[in-house]
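> Chain A is fixed; fit chain B onto it per the hints.
Keeping their order, the protein sequence lines are chains A and B. Residue 88 in UniProt numbering sits at position 88 of the first sequence, and the numbers go up by one each step. Residue 58 in UniProt numbering sits at position 58 of the second sequence, and the numbers go up by one each step.
Please note that a few of the clues may not be correct.
[Claimed, not checked] Straight-line Cα separation of at most 25 Å, SDA-like style, residue types lysine to any residue; simulated pairs: (1) A:156 <-> A:66; (2) B:46 <-> A:69; (3) A:156 <-> B:49; (4) A:156 <-> A:129; (5) B:46 <-> A:65; (6) B:46 <-> A:154; (7) B:46 <-> A:140; (8) B:46 <-> A:89; (9) A:89 <-> A:67; (10) B:46 <-> A:209; (11) A:156 <-> B:70.
[What the hints assert, rightly or not] Chain A residues, not near chain B, derived (Cβ > 10 Å throughout): (12) 67; (13) 68; (14) 130; (15) 134; (16) 160; (17) 319.
Rather than coming from a laboratory, the hints here were simulated on the basis of the structure. Computed from a predicted structure; not experimentally measured. All C-beta atoms, glycine included, are put in the ideal place defined by N, C-alpha and C.
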Amino acid sequence: MTGTTRRPVITGMGALASTGIGADVVGRAAREGLSGIGPITRYPAAGTPLSLAGEIPDFDPLEHLEGPVVAQTDRFTQLALTASDMALKDAGLTPAELAPYSFGVVTASCAGGVEFGQKEIERLWSRGPSHVGPYQSIAWFYAASTGQISIRHGLKGPSGVLVTDEAGGLDALGCAGREIARGTAAMLAGGAEAPLSPFSMACQFGHGLLSTARDPERAYLPFTRAASGFVPAEGGAMAVVEEERAARARGAVPRAVILGHGTAFAGMLRFDRSAEALAAAARMALAEAGLSPAAVDVVFADALGVPEADAAEVRALRLLFGARRAEEVPVTAPKAGTGRAYSGAGALDVTLAVLSLEQGLVPPAPHLDGAEPALPLNLVTGRARPLRPRTALLLARGLSGSCSALVLQRAGDGP
Amino acid sequence: MGECTGAATPSTSDRLTYEQLVVIVRACTGVQLDAAGLDDPELELKALGVDSLGLLGVVAELERRYPVLLGPEAEQAVSPRALYDLVNAQLARGDRP
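Next up, chain A with everything else stripped away, as it sits in the complex:
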């Protein structure tokens, strides 16, 4: 980030989404505009108003993690641990080789260990307190993923947990970037969610933003006249962030630079105010990056799929870019194909934006090519566009009001 010569770069990525397991698999699916949205199978959803979600196909935690780890963790932590293992492998980084206290972890969480918690609460109510397992005490809470990642890899550097809703997936990367600038050698950063339990979905349903559509092709259509809410999803991503020169010195290839991050607050479910807050967050991120809005080549939108929120996001783009450029800048929303994985969504967008910068291709927002646009945007639909973006702006909004922006840039040959 500016004001320092210590530039944070992403050197490794791991991701799991409804479109597959692994950053490259998820990236390929996004480029091809594939969708992972389908009927809910993680709990009996028949007879409930919510029938669709983005579930990770064939994720068996025991294929990725040891039995004791699986026994004491919720699925959201199992996803974060798996993504972290993949990110470290991708980065070719062995934590033990870094100086003690120089490697930290920051994750974002929105739902916490809600599936684990629901099972234990069911035992409490049906059988009594002695039937609640002791691992409930560590599995449910938002810090579980950061804690388990820290334990697994011996990470004792600056660590934290961000509970800022969907915006957290971007905030974690921004926070990691700042820790690198402050002198930390490496960070694991991102977020993963597994919110598909009846308790969690019942809570979510009350706000009226979940899509009750039954056709996976028509359920989550942000920025269109058919927009009817969003499809919830599980999944997320973790990235290894390092200081650029040290990363290059150890032979790592930086995949992208974290140039700037900003965050602002709009108010609980106040999408009418989110235009100003999103624009403010984006301005902060660009100011930190030392860039003008004109430098943005592609926007990964929050794309809530709720007409009022979509309109506010377009207003944010107008406030940021001016009316004309707001209609020209390419905007995409791959989460229309994966479903919206809460704080995992921003982290998945980071993965896809990095791949987009590397490959010169902007992935499309799936399902939107046949839908009538509600707003004047240069929305990437249908197939990936060979736009060779250099700078990406990522936007994310939490349902409770957090609005964040992250600026990523192609790594290039050096600082």
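This is chain B only, laid out in the frame that chain A set:
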């Protein structure tokens, strides 16, 4: 996991075997033990990968499956052998709670 998944229906046996302890520990903590050699009093639960929370779950499961009330001594047991001895001593006394 409370009500440890994979653990069979409550036992009516009047004695805990190491084989049964292996099943319970695996169900409650995910740790796979080997029944052979578990009677070694020097063998520590912690070294085998059973942490303090895991042990709490194992004790609760033992209390569900056997007519015993184990308490803090079992919850702080250092070895599988100590746990085994506590359960079987109570079962032998027959002082069912």
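> Which hints, by number, does the structure contradict?
As far as the earlier hints go, 4, 8, 10, 11, 12, 13, 14 and 15 are violated by this structure, in ascending order.
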